[in-house]
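In order, the protein sequences belong to chains A and B. The opening position of the first sequence corresponds to residue 1 in this note's numbering, with each subsequent residue numbered one higher. The opening position of the second sequence corresponds to residue 1 in this note's numbering, with each subsequent residue numbered one higher.
Hint data in this document are derived by calculation from the structure and do not stem from the laboratory.
Since the list can't tell identical chains apart, any single copy or any two copies may satisfy a pair.
In the DMTMM-like style, the derived pairs of lysine to aspartate or glutamate whose C-alpha atoms are separated by at most 25 Å in a straight line are:
1. 27 to 104
2. 27 to 93
3. 21 to 59
4. 133 to 100
There are 2 protein chains.
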Amino acid sequence: MLTVAEAAIEGGATVIQLRDKVASTRKLVEEGLVLRELTRRRGVLLIVNDRIDVALAVDADGAHVGQDDMPAHLARRLLGPERILGVSAGNLEEARAAVEAGADYLGIGPIYPTRGKLDAGVPVGTQFVLGLKLRYATPLVAIGGITAENAGEVIQAGAAGIAVITAVVNAEDIAAAARKLATASSSKVEKGE
Amino acid sequence: MLTVAEAAIEGGATVIQLRDKVASTRKLVEEGLVLRELTRRRGVLLIVNDRIDVALAVDADGAHVGQDDMPAHLARRLLGPERILGVSAGNLEEARAAVEAGADYLGIGPIYPTRGKLDAGVPVGTQFVLGLKLRYATPLVAIGGITAENAGEVIQAGAAGIAVITAVVNAEDIAAAARKLATASSSKVEKGE
Ligand code: NI
Numbered sequence: 001m002l003t004v005a006e007a008a009i010e011g012g013a014t015v016i017q018l019r020d021k022v023a024s025t026r027k028l029v030e031e032g033l034v035l036r037e038l039t040r041r042r043g044v045l046l047i048v049n050d051r052i053d054v055a056l057a058v059d060a061d062g063a064h065v066g067q068d069d070m071p072a073h074l075a076r077r078l079l080g081p082e083r084i085l086g087v088s089a090g091n092l093e094e095a096r097a098a099v100e101a102g103a104d105y106l107g108i109g110p111i112y113p114t115r116g117k118l119d120a121g122v123p124v125g126t127q128f129v130l131g132l133k134l135r136y137a138t139p140l141v142a143i144g145g146i147t148a149e150n151a152g153e154v155i156q157a158g159a160a161g162i163a164v165i166t167a168v169v170n171a172e173d174i175a176a177a178a179r180k181l182a183t184a185s186s187s188k189v190e191k192g193e
Numbered sequence: 001m002l003t004v005a006e007a008a009i010e011g012g013a014t015v016i017q018l019r020d021k022v023a024s025t026r027k028l029v030e031e032g033l034v035l036r037e038l039t040r041r042r043g044v045l046l047i048v049n050d051r052i053d054v055a056l057a058v059d060a061d062g063a064h065v066g067q068d069d070m071p072a073h074l075a076r077r078l079l080g081p082e083r084i085l086g087v088s089a090g091n092l093e094e095a096r097a098a099v100e101a102g103a104d105y106l107g108i109g110p111i112y113p114t115r116g117k118l119d120a121g122v123p124v125g126t127q128f129v130l131g132l133k134l135r136y137a138t139p140l141v142a143i144g145g146i147t148a149e150n151a152g153e154v155i156q157a158g159a160a161g162i163a164v165i166t167a168v169v170n171a172e173d174i175a176a177a178a179r180k181l182a183t184a185s186s187s188k189v190e191k192g193e
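Assemble the whole structure, with the sequences as input and the hints as a guide.
See the structure below:
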């Protein structure tokens with residue numbers, strides 16, 4: 001795991017996300033503490049997916065919650081005002097609720113069809129990114145199905161950053177793939193694992 | 001689920017534990033909020049197993065962590081000094097660490113062979129309860145394999161309370177079974193689910 005995160009940082013990732021839906025809490029905390037040390041040393045952000053308890057325990061920079069996770073307003077209360085709260089939004093109503101709950105960024109996606117997560121849902125397209133960009137000042141992070149080839153048009157539509165899971169992990173040379181993506185988007189690349 | 005918790009309270013349970021290792025965080029929070037309303041109305045304690053985030057989100061009275069969950073000292077830090085922290089201990093070393101981390105009670109077990117949890121481990125017997133009772137002032141809650149028939153000797157050995165999972169849930173009349181256990185132990189009965 002460390003190898004993947006380190007390689008992603010080498011390639012230009014500015015955010016590392018700890019994501020593991022099957023590990024025990026003990027294991028998550030151990031992984032999180034290792035990533036915390038790495039990300040602090042390398043000056044990149046650490047965001048914990050779903051688990052606010054783990055985010056607080058390892059002193060992560062923030063947490064990201066989806067629609068099956070902690071409701072955003074409770075997540076914000078637990079995290080306090082300083083830590084970063086990201087919230088996944090797949091439609092306008094979810095986006096509005098997330099903004100009202102105090103989300104620091106919205107995770108929007110999947111933009112394109114994706115094979116990384118089976119439960120990722122129906123692709124929303126770049127139109128949705130554009131629609132949110134016009135409505136809210138909250139930064140949008142595009143997630144799902146994004147490759148070096150289509151990253152440009154996602155940024156064009158108004159995404160402040162892009163999150164990559166499959167594109168980087170499936171690539172043989174992780175650092176090179178991340179670098180290619182970072183170049184393509186000329187923006188932040190978030191690396192989930 | 002509500003039915004089981006309500007029946008357990010009818011039968012004399014003074015603590016309800018929310019325990020679900022497979023539910024999504026969203027589901028756990030929803031279940032926890034329902035149990036919080038019930039337990040508050042009935043004047044019994046609500047303890048959340050493993051998930052400190054859920055315990056904080058639903059304003060539970062405390063949390064219980066096992067050896068695969070959040071390390072006890074981190075759990076204590078996240079819960080704050082007021083909420084109850086229970087820690088499972090299966091041997092002397094784990095018990096000592098839990099006491100040092102500020103556990104309000106130790107979950108000791110399984111005392112007897114159990115069929116409720118496959119990962120419950122080797123039975124520690126009442127001798128272990130007695131050994132801890134002599135060493136520490138921290139209340140001991142006995143867990144695992146306890147029935148109306150053997151509850152008395154567990155209390156005799158020094159347990160402040162007993163936690164029941166299979167004994168109550170397997171019984172056809174939950175309230176009656178809990179009542180029988182409460183009578184047998186003449187002490188607190190914790191009801192996990
Ligand atoms: Ni889980």
